[in-house]
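Novice: Can you build the whole structure from these sequences, using the hints too?
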Amino acid sequence: MKKKILMAGMLLCTAVYSKEIGLVEVLEKLKVNNYEIKSQEQEIEIKKLTVKKEFKKLFPGADFEVEKEILNNQQYKDGANVFGPQKVTAGINVYSGGKLVNNYKKVKKDFSKSEIDLILINQDMEIKAIELYFEILSLNKQKEITLFAKDTLLKQEKRLDILFSNNKMVSKNELLEVKADIMSIDAELLEYADSIRVAKEKLFVLIGEDINSDYTFTEYNEEFLRKSREQLQMDIEKAKKEGNLALKKDLDIEKAELDVKIARAGFLPTIKLNVEYRLDDDIKYGDNHKDWGLEIEASMNVFQWGATLDDIDSKKIALERRELEKNNVLENLTVDIRSKYSKIEQLKKEITIAKERKLLLEESTKIQNIRFTNGMLSSLDYLESIQLLRRAEEKGYVLQKDLILANKEYNNLIR
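Read in order, the letters of the sequence shown are residues 34 to 448 in the working numbering.
Treat the hints with care, as some may be off.
Said to hold, decoys possible - Listed next, the in silico EDC-like pairs over lysine to aspartate or glutamate satisfying Cα-Cα at most 20 Å (straight line):
#1 174 with 143
#2 273 with 287
#3 288 with 389
#4 271 with 283
#5 348 with 148
#6 71 with 143
#7 138 with 148
#8 205 with 190
#9 434 with 61
#10 80 with 221
Since the hints were made in silico from the structure, they are not lab data.
Specialist: Next comes the structure, spelled out in structure tokens:
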């Protein structure tokens, strides 16, 4: 019996107490489980295999040849038709106008670009997770304040009901107003519960958790270092030289340069060296010995109505466009970094003001709660004070979220 009671108690504790999770843990789960991140990691593996494939094209290849003549009036010396391995051929591209080497270099650039894309996708997913995380914190706090208001209204309803029943100079209208306010709050609580559920499910999908997971989201506090204007300029220079956006555009330019070289290879000859070893006696032609053969194969496009020139010109235009894109990205990068810096400084000031205002409203709400409980304040005025506090809490979370996002976006831009 005691064992059953103990197990029931453990199950009850499990049901009542959910696991706590903070923003750091959320972002860690995101890196491991997020679909977009895992998909890009698989894309990197595909690019890696493509690099290997292009590299192997630089080495000699070998072919086996099998022949059988179905119709032939000539009688072979031994009276048999030939069927089976006839020869082995190994070939290597001695010169391809640089096409093979440049294709290999190009896929290596694609691989490097896919690694940068992984970093950028991870940054985008982090921003989405942070937004949802603070939305949940804000909704939970507003729900908590609303529950507090409901508890106060229920107590007031009970007090007014007793006074009204005993004919203590309380109008029925006053009692009905409180009852109506309680019903309105119940509707708000249902709305909060649904909004919290939706936000949680979106976050759980993002971080690869079961949508029915039960987590308690903890508050997040972070101190941000104040950066000087000198540090800002250093960050801008670093981002333009070493940042992921700049590096990605550099790779695009390098790929475009390789495309021009590959197009120019259309004017150049290709030379291939083939080594052949026959495995059978050449019965067909009366040659009774196995032999080696060496063959040099050269080819060149002599005339294509200017198609190669058109291809080169189009690749040059694409290269110029990539260079213009990089210049545009770097200019916008400077503007974005300065903008984020100003936003961070502004948000810090707004958060300080918002915290002080919230403390004042909390004190005011306590006073209004006492006045309402003692019948010195209407339910309408009391709920107005509650609404002001809820808005202040919501504003605080929005500002905190905006500061964290602005700081993260600033760091993302300079990396």
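Novice: Would you check the hint for residue 80 and residue 221, treating anything up to 20 Å between C-alpha atoms as holding?
Specialist: Since the Cα atoms of residue 80 and residue 221 sit roughly 51 Å apart, the hinted pair is violated (cutoff 20 Å).
Novice: Given the proposed pairing of residue 348 with residue 148, does the C-alpha separation stay at or below 20 Å?
Specialist: At roughly 25 Å apart (the allowed maximum being 20 Å), residue 148 and residue 348 break the hint.
Novice: For residue 174 and residue 143, compute the direct alpha-carbon distance and say whether it is at most 20 Å.
Specialist: violated, 47 Å
Novice: Does the structure keep residue 434 and residue 61 at a Cα separation of 20 Å or less?
Specialist: Judged against 20 Å, a Cα distance of about 18 Å means the pair holds.
Novice: Quickly compare the C-alpha distance for residue 271 and residue 283 to 20 Å and report which way the hint goes.
Specialist: holds, 15 Å
Novice: Checking one constraint from the list: CA of residue 71 to CA of residue 143, max 20 Å. Satisfied?
Specialist: holds, 18 Å
Novice: Measure nothing beyond the straight line between the CA atoms of residue 138 and residue 148; if it is 20 Å or shorter, mark the hint as holding.
Specialist: Roughly 16 Å separates the two Cα atoms, so the pair holds.
Novice: Are residue 273 and residue 287 close enough, with their CA atoms no more than 20 Å apart?
Specialist: Between residue 273 and residue 287 the Cα gap is close to 17 Å, so the pair holds against 20 Å.
Novice: Could you grab the alpha-carbon distance between residue 205 and residue 190 and see if it respects the 20 Å cut-off?
Specialist: It holds: about 11 Å lies between the C-alpha atoms, which stays within 20 Å.
Novice: Take the C-alpha atoms of residue 288 and residue 389, compute the straight-line distance between them, and say whether it is at most 20 Å.
Specialist: Given pair residue 288, residue 389 is violated - Cα atoms ~55 Å apart, limit 20 Å.
In this structure, the hints that do not hold are numbers 1, 3, 5, 10, in rising order.
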